[in-house]
Each structure stands twice: as C-alpha cells, then as structure tokens.
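Based on the hints, put chain Z in the right spot on chain E.
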Amino acid sequence: MSCDFSGTLLHAYLDSELDAMRAAEFERHLETCRDCTATLGAAESLRSSLQRAQLYETAPAGLRKKIRSELKITATGASSSPVAAWRWLAAAAAILLVTGVAWFALPHFGSTGPESVTAAEVIDAHIRSLQAGHLTDVTSTDQHTVKPWFDGKLDFIPPVRDFMDEGFPLIGGRLDVLGERNVAALVYGRRKHFINVFVWPTKDPDTPIHPPGSRQGYQWVHWRHKGMEFCAVSDVSAQDLHELAQLFIQSQ
Amino acid sequence: MSSTGQGKGWDVLDPQDRARFEQLVLPHLDAAFNLSRWLLRSRSDAEDVAQEALLRAFRFFRGFNGGDARAWLLQIVRNTCYTWLEKNRQVELMTEFDEDLHQQSSATPETLAIAGDNRERLARALETLPVRFREVIILRELEGCSYKEIASITSVPIGTVMSALARARQRLQRALTQPAQQEAPHEL
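As they're listed, the protein sequences go chains E and Z. Taking this note's numbering, I'd label the letters of the first sequence as residues 1 to 252. Taking this note's numbering, I'd label the letters of the second sequence as residues 1001 to 1188.
Certain hints may be false.
Claimed, not checked - Below are the DSSO-like pairs computed for lysine-lysine, each with C-alpha atoms no more than 30 Å apart in a straight line: (1) Lys66/E with Lys1087/Z; (2) Lys226/E with Lys153/E; (3) Lys192/E with Lys147/E; (4) Lys226/E with Lys203/E; (5) Lys65/E with Lys1087/Z; (6) Lys203/E with Lys147/E; (7) Lys147/E with Lys226/E; (8) Lys153/E with Lys203/E; (9) Lys1148/Z with Lys192/E.
Hints in this document: simulated from the structure, not taken from any laboratory. It should be emphasised that the depicted structure is a prediction, and the values quoted were computed from it without experimental measurement.
Isolated chain E, as found in the complex:
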C-alpha cells in the first residue's frame, strides 16, 4: 500500500463519509493514482459481491412471536390506536422483508396515491444533489432571491426562509423530481454538511414531525404543514433535522 490515501480515506470515500469538498479532492487524486484506483475497484467489487450474496438473515417468525409473548405485547394489549396502526405498518414492512423486497420501515410518505414519495427516492435525490454542480440551481443566501426564483417553475410557491442565525444558513434552491412530481429542493448548510429540504403541496392534513428514519448513514424527517409536505434529508444528526423542521413550522 504505497499511497497514503488508500487506507482509511479511500474507504471513507467508498462509504460516502467524506463531505462534498473532501470527496471532490479525493476524486481529483484518483485521476492520477493507480494504487487508489485499483484498491477502490477491488473494494467496490467486494461490496457488490456482499450485496449480491444476500447475506442478511432475518429473524425467524417464531422468535418474533416468542419475544412478543414474553413482553406481553398482544393485539389487544394496552396500546392506543396509533400504535395499532404502527403495528400494522411494521407487519407490512416485515412481510416485504420476508418476500425479499429491499425496503425499510417507512413504506411511503403521505398518501399512497401515484404521487406518493418513498424514502429511498428522497435519499437518492439527496445523494444525487451532492454530486459536483448538482446542489443548487440558484445559489443565494437571500431568501428574497431564492423564493422568486421558483416562481413560474413550479405550480406552487415553497416557503423559503434563511435560518442563518439558528445555525442553518440557506445555501440555495433547485428543482428536483420525486415520485414523478416536480418538487422544490431548498438547500441548507449545517456546519460542513448539506441538508436538502424537499417541499411539495399536499391536500392531506398537517402531521407532526415524523420520527426520523435512517438508511445508509442518511437521516430524514417528514412533516406536513399548511398544505405543504416536507422531507428534510442529510447526513447530519436526526436532532439537527428535527430542529430545522421546527424552525420551518414556527416560521410559517
């Protein structure tokens, strides 16, 4: 291993654990370093083998039952109805897992119509946006520049606020597509990280900030407020996302 980068930094790059700037730096290095190119190729190949091999082993149904009865959690237990709804969701997710569909606990944001958006799409959109030159279509820390920019590009006006003083400076905005509909993506900074807040209109009633979900090191929170649906996604902590979501709700 003659190159200093081929140790940990290369793996952090492979695992998308570098911030946008360091990732770009490493990509420049890759162009000239054959060692790193080879090591990265081997590591990627190993990863896809691991994924193809489907090594994940899910819990046997009997275990789930056993634990439930040990915990005295039963269908008629002391739980309230939202929990029953959750249990149904969890069961649905479990069925999806059993049938081999790669999926995770939150099946859909919002209604299950054709316009519904999945968490996987949101994370994909976030990752896409971090590639060089994709983050913003309009780059400005001024909400009065970003908001009018959307005018005429979408069939709704997203709420745009700068939360610089609260530690979430507005970086800009862009158009994106989620679940076959156009959405506004507002980009905020948090220390050295980026947060995408996707916004689109909804007819569904308000919901509180949905407990965070996480996958591949990205977290997201979801909420509906005053006819708009929001999903904030980033590699920052779930608490940070929650804080930003609250700022949105308070400012509207």
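Just chain Z now, kept in the frame of chain E:
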C-alpha cells in the same frame, strides 16, 4: 442515561413505555438477529441471544434517551453477544485484532468478482474474520450503518471504525482470493 428500568423486569414499564418500545425498538428485531447470527456464526445461538438482548433492551428502555433506536438496540445486542462469546467461546475473542497486515491482498476486481459470486464461499470467508472485523463489515455492508452509528454501537472512536473497516475489507478480500491459507479461523 439512568437505568431506572433495570429493577424487577418489564413489569415496571407502564403501557405507554410498552407502546413506545413496540413502536421504536421491536421493528429492529431483524437487525438484532442478523448481527447476532454473524457474530455468533450460528442461527440457533443467535435466536437465544437476540431474544435475551431484546428482553434486556426492554428492561433498560427507560434509559433510552430517544435517539437512534436501532443503534441503541444493536449496542445492547453486541454486548450480549460478546458476553455470550466470553462465556462459551472465549478463544474467538482472543483472536488478535491488531495483527499487522504484512501480506498485501492481490485481489483485483475480476478475481474478487469470481470468488465473491458464491454465497457459501463469501459467508465462510466472512466467518473466518476475527469478530471485531466481522462486526464492522456486518454493520456497514449488511445493516447500512454510518460510521457514527458503528462507533456508537461498538463503543470506539470513529477513526477506529474507519481503520477497522479498511482492514476488515482487506482481510476479507484475502480470505476470498487465497482460500487455502484462510481455511482455519485462527490462522495466526
């Protein structure tokens, strides 16, 4: 932080806590089982240990401060697995972790693609890794945890997670491309 729930068992949790546990922790049972299965290299041992870990989590649930429930649970699962290994297969924990990598992997994407195509072979190669290398691969590649999550689950700094992952991958590549030398789990 406080472990007020550790007294008599789960009866101390009120219905609301119970509902929260069901909502936040129970959905991660598959993750708990998968981690146990790979740390213990056995489905039946994993069933016992995952069950024990879930019950332990339930008992300590009041100490859960509302962060990432999966990471919180997996930390308990991991500790339960290590306790079990200490009791039943102590030698596995003694496999040297800080072994120097003098041997460079000769793996190329092509040889790896061929070697990695066989699930059995891949599973066996994974099982030859020392448990501390195996766990970072499982958490990263199968469970999709971030470095930060792995750090909190395994109680080590993020830098250690990074280097453990780098070395675990190299060793796994070696195990795949040089199967003859890696047949025994304790080749050191």
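Going through the hints against the structure:
Note on Lys66/E and Lys1087/Z: the hinted pairing holds, with a Cα-Cα distance of about 24 Å set against a maximum of 30 Å. A distance of roughly 21 Å separates the Cα atoms of Lys226/E and Lys153/E; the hinted pair therefore holds under the 30 Å criterion. Of the pairs offered as hints, the one joining Lys192/E and Lys147/E holds, with about 24 Å between alpha carbons and a cut-off of 30 Å not exceeded. A distance of roughly 9 Å separates the Cα atoms of Lys226/E and Lys203/E; the hinted pair therefore holds under the 30 Å criterion.
With a C-alpha separation of about 27 Å, the suggested pair Lys65/E and Lys1087/Z falls inside the 30 Å cut-off, and the hint holds. Distance restraint check for Lys203/E and Lys147/E: the Cα-Cα separation of roughly 22 Å lies within the 30 Å cut-off, and the hinted pair is therefore satisfied. At most 30 Å may separate the alpha-carbon atoms for a hinted pair to count; Lys147/E and Lys226/E meet this at roughly 17 Å. With a C-alpha separation of about 20 Å, the suggested pairing of Lys153/E with Lys203/E holds against the 30 Å cut-off.
Only pairs whose Cα atoms come within 30 Å are accepted, and Lys1148/Z paired with Lys192/E is accepted, the gap being roughly 16 Å.
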